[in-house]
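Going down the list, the sequences are from chains S and D. Residues in the first sequence are numbered from 0 upward in steps of one, following numbering that gives the first Met the number 0. Residues in the second sequence are numbered from 0 upward in steps of one, following numbering that gives the first Met the number 0.
Bear in mind the hints are in silico, worked out from the structure with no lab data behind them. Any given hint could turn out to be false.
[To be verified] So the derived label-pair ranges between C-beta atoms look like this:
no.	chain 1	residue 1	chain 2	residue 2	range
1	S	R181	D	H161	29 to 39 Å
2	S	L63	D	R166	34 to 44 Å
3	S	L12	D	A238	26 to 36 Å
4	D	Y99	S	L12	25 to 35 Å
[What the hints assert, rightly or not] Below, simulated BS3-like cross-link-like pairs (lysine-lysine); rule was C-alpha separation at most 25 Å, straight line:
no.	chain 1	residue 1	chain 2	residue 2
5	D	K3	D	K37
6	D	K37	D	K73
7	S	K174	D	K73
8	S	K174	D	K21
9	S	K130	D	K3
10	D	K261	D	K241
11	S	K146	S	K159
12	D	K107	S	K130
13	S	K163	D	K239
14	D	K21	D	K138
15	S	K163	D	K241
16	D	K241	S	K159
17	S	K129	D	K42
18	D	K107	S	K175
19	D	K171	D	K37
20	D	K3	S	K174
21	S	K129	D	K107
22	D	K239	S	K174
23	S	K11	S	K67
24	S	K130	S	K144
25	D	K21	D	K2
26	D	K107	S	K159
27	D	K73	S	K163
28	S	K175	D	K42
29	D	K261	S	K159
30	D	K42	D	K3
31	D	K21	S	K129
32	D	K171	D	K2
33	D	K241	S	K174
34	S	K175	S	K130
35	S	K174	S	K129
36	S	K67	S	K130
37	D	K42	S	K130
38	D	K217	D	K239
39	S	K159	D	K239
40	S	K22	S	K11
Keep in mind the model is a prediction, meaning the values are calculated, not measured. No residue lacks a Cβ here, since even glycine has one placed at the ideal position from N, Cα and C.
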Amino acid sequence: MNSPSQNKPALKLSRHSRDFANKVNSLAHTDTRMCFQCQACYNTCPFVGAMDVTPPAILRLVLLGEDKLVLNSTTIWTCVGCHTCSTICPQNVDMGAVMDALRQIALERGIAPAQPEVLIFHNAILDSIKKYGRTHKLEIMLRYKMKNLDLFSDMDVGLKMLAKRKLDMLPSRVKKIEQVRRLFSYSNGKSNG
Amino acid sequence: MAKKLPKRIPYFPGCSMATTAKENNQSLKAMCESLGHKLIELKDWNCCGSSSAHSLNNGLAIDLASRNLALAPKNRPLLVACPSCLLRLRHAHHHLCRDYEARSQYEKTWDRPFDPDLEIIHYFDLLDRVGLENWPSLKNLRGLSFVAYYGCMLAQPPEMQHYQAHRGLMEKALTTLGAQDRPWGYGARCCGTFLSVVRPDVVAPLVDEIMGAAVQAKADCIVTACAMCHLNLEIRATAKRKIPVMHFSELLAIAMGDAGKKDWFSRHIIDPIPLLRARGIL
């Protein structure tokens, strides 16, 4: 009755694996060790279909120190932080904050995102905030399309939005823009695109 | 939380309300005015950082939101209408409350003391305190049926669940006004937010599922309190059978006698005017 798994050596956690989990926990202000894999987050996430590693698997891999696997997943770039999972989690794990932390560690290490369009989009938004203090949707969309070398998809949506006066031609601006720009240098909020 | 609200309430509109969803902004102001409160836009407010700042840089997200907190007048609540901005501003406030270093940095940067008692409220809080059911002379929305769509606005990270989520507030308010609530299972399904731009292939089926469920529930319209949800439901629904998506604030403003503003409805991509006319509301 020996199953093959009984012959495997017990899992050995290295110091490195603990360091990674500790870093994620401290950045995210949450405790990933609390997760007991009930899969509630998996079952409520509207976007699991677009993720290559499920959210509960991400938590377990963080504990195992599998940083490369986690940081190269599409999951961390697909999560939009809707907090549906946080609301249902019986262990109060802040999944959205874990994803934020992982994204930031990936950027720090210069790991190219598995969903590059997401980073291009976020950077287009941040550039707009740096320039005007507010988001200028028309310019963001155009920039995103250009950087993504995809000018023509969604043309119909854009035209509809223009026709319904949902895209302003001119940006709305913050007057004391230098106050906003200074924040970008404090926080090293540089563009990563 | 039961403090009385001042007549003039400082107000943070946020980028969506100021641009893509002007009809949401205008109807909200009209609605609040009918309830006796004037919304005073925060002077020179900046973007709260949206999903992008906290996605890439937590420090920047806190700083961008903090500038707005520093602009808020003392001893008054700050009203935020966009659920996403609300969460960002509350999160920054929460972080500043618990982190001494961040707080002293804040005080140095903005040259004013941090106010741990600043109350950051949504207009749901205002409605909750006013109690629509006690309000006289409301126009009837009888004949209109709806499904209430909250998207992710009821969901909060674990450490912030002390804020009231107001589950069921839209249903309660609208049925008080005579409209008919149609039960359904998609009221708290996320609309996809920015993935709508980046991965329309992922978001379109989700939105179709939401729209399909609303049609199946035999609702005349979907009611939402979020400008982002409103936009995504309108632009990403691909099914032939679509029903109008109404801003909660629009329906409330109509009920309070401000129905003359057809300009609001011509900004919708799914035209609600025929429906509102057929129900005798416009």
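Here is what the structure says about each hint:
Distance hint check: the CB atoms of S:R181 and D:H161 are about 32 Å apart, consistent with the given range 29 to 39 Å. Remark: the range hint 34 to 44 Å for S:L63 to D:R166 is upheld by a beta-carbon distance near 37 Å. A hinted range of 26 to 36 Å is violated for the C-beta pair S:L12 and D:A238, which are about 49 Å apart. For D:Y99 and S:L12, the hinted distance range of 25 to 35 Å is satisfied, since their beta carbons lie about 33 Å from each other.
Restraint check for D:K3 and D:K37: the C-alpha separation of about 14 Å stays at or below 25 Å, so the hint holds. For a cut-off of 25 Å, the pair hint linking D:K37 to D:K73 stands: about 17 Å separates their Cα positions. Annotation: proposed proximity of S:K174 to D:K73 holds, straight-line Cα distance about 22 Å (limit 25 Å). A C-alpha spacing of about 21 Å is found between S:K174 and D:K21, which places the hinted pair at or below 25 Å, so the restraint holds.
This hinted pair does not check out: S:K130 and D:K3 have alpha carbons roughly 39 Å apart, beyond 25 Å. The suggested pairing of D:K261 with D:K241 holds, with an alpha-carbon distance near 21 Å, which does not exceed 25 Å. As the CA atoms of S:K146 and S:K159 are separated by approximately 22 Å, the hinted pair is consistent with the 25 Å bound. Between D:K107 and S:K130 the alpha-carbon distance is near 24 Å, which keeps this suggested pair within the 25 Å criterion.
Between the alpha carbons of S:K163 and D:K239 the distance comes to roughly 20 Å, so the proposed pair stays at or under 25 Å and holds. Using a Cα cut-off of 25 Å, the hinted pair D:K21 and D:K138 holds, with the two alpha carbons roughly 23 Å apart. Proposed proximity of S:K163 and D:K241 is supported: the alpha carbons are some 18 Å apart, at most 25 Å. Only pairs whose Cα atoms come within 25 Å are accepted, and D:K241 paired with S:K159 is accepted, the gap being roughly 16 Å.
Distance hint between S:K129 and D:K42 is fulfilled; the C-alpha atoms sit about 18 Å from each other, no more than 25 Å. Using a Cα cut-off of 25 Å, the hinted pair D:K107 and S:K175 holds, with the two alpha carbons roughly 17 Å apart. With a C-alpha separation of about 24 Å, the suggested pair D:K171 and D:K37 falls inside the 25 Å cut-off, and the hint holds. With a C-alpha separation of about 33 Å, the suggested pairing of D:K3 with S:K174 is violated against the 25 Å cut-off.
Annotation: proposed proximity of S:K129 to D:K107 holds, straight-line Cα distance about 21 Å (limit 25 Å). With a C-alpha separation of about 45 Å, the suggested pairing of D:K239 with S:K174 is violated against the 25 Å cut-off. For a cut-off of 25 Å, the pair hint linking S:K11 to S:K67 stands: about 17 Å separates their Cα positions. Pair hint S:K130 plus S:K144 holds up; C-alpha atoms about 18 Å apart against a cutoff of 25 Å.
With a CA separation close to 30 Å, the supplied pair D:K21 and D:K2 exceeds the 25 Å bound. With a C-alpha separation of about 46 Å, the suggested pairing of D:K107 with S:K159 is violated against the 25 Å cut-off. With a C-alpha separation of about 38 Å, the suggested pair D:K73 and S:K163 falls outside the 25 Å cut-off, and the hint is violated. Only pairs whose Cα atoms come within 25 Å are accepted, and S:K175 paired with D:K42 is accepted, the gap being roughly 11 Å.
Between D:K261 and S:K159, the direct Cα distance comes to roughly 19 Å. Compliance with the 25 Å bound is thereby established for this hinted pair. Annotation: proposed proximity of D:K42 to D:K3 holds, straight-line Cα distance about 24 Å (limit 25 Å). At roughly 23 Å between alpha-carbon atoms, D:K21 and S:K129 fall within 25 Å of each other, so this suggested pair holds. The hinted pair formed by D:K171 and D:K2 meets the criterion: a straight-line CA distance of about 22 Å does not exceed 25 Å.
The hinted pair formed by D:K241 and S:K174 fails the criterion: a straight-line CA distance of about 41 Å is larger than 25 Å. As the CA atoms of S:K175 and S:K130 are separated by approximately 11 Å, the hinted pair is consistent with the 25 Å bound. The suggested pairing of S:K174 with S:K129 holds, with an alpha-carbon distance near 12 Å, which does not exceed 25 Å. In summary, the hint linking S:K67 to S:K130 is not supported, as the alpha carbons are separated by about 34 Å, beyond the 25 Å threshold.
Straight-line distance between C-alpha atoms of D:K42 and S:K130 comes to about 18 Å, which keeps the hinted pair within the 25 Å bound. With a C-alpha separation of about 15 Å, the suggested pairing of D:K217 with D:K239 holds against the 25 Å cut-off. As the CA atoms of S:K159 and D:K239 are separated by approximately 17 Å, the hinted pair is consistent with the 25 Å bound. Proximity of S:K22 to S:K11 is assessed by CA-CA distance (about 19 Å); at most 25 Å being required, the pair is judged to hold.
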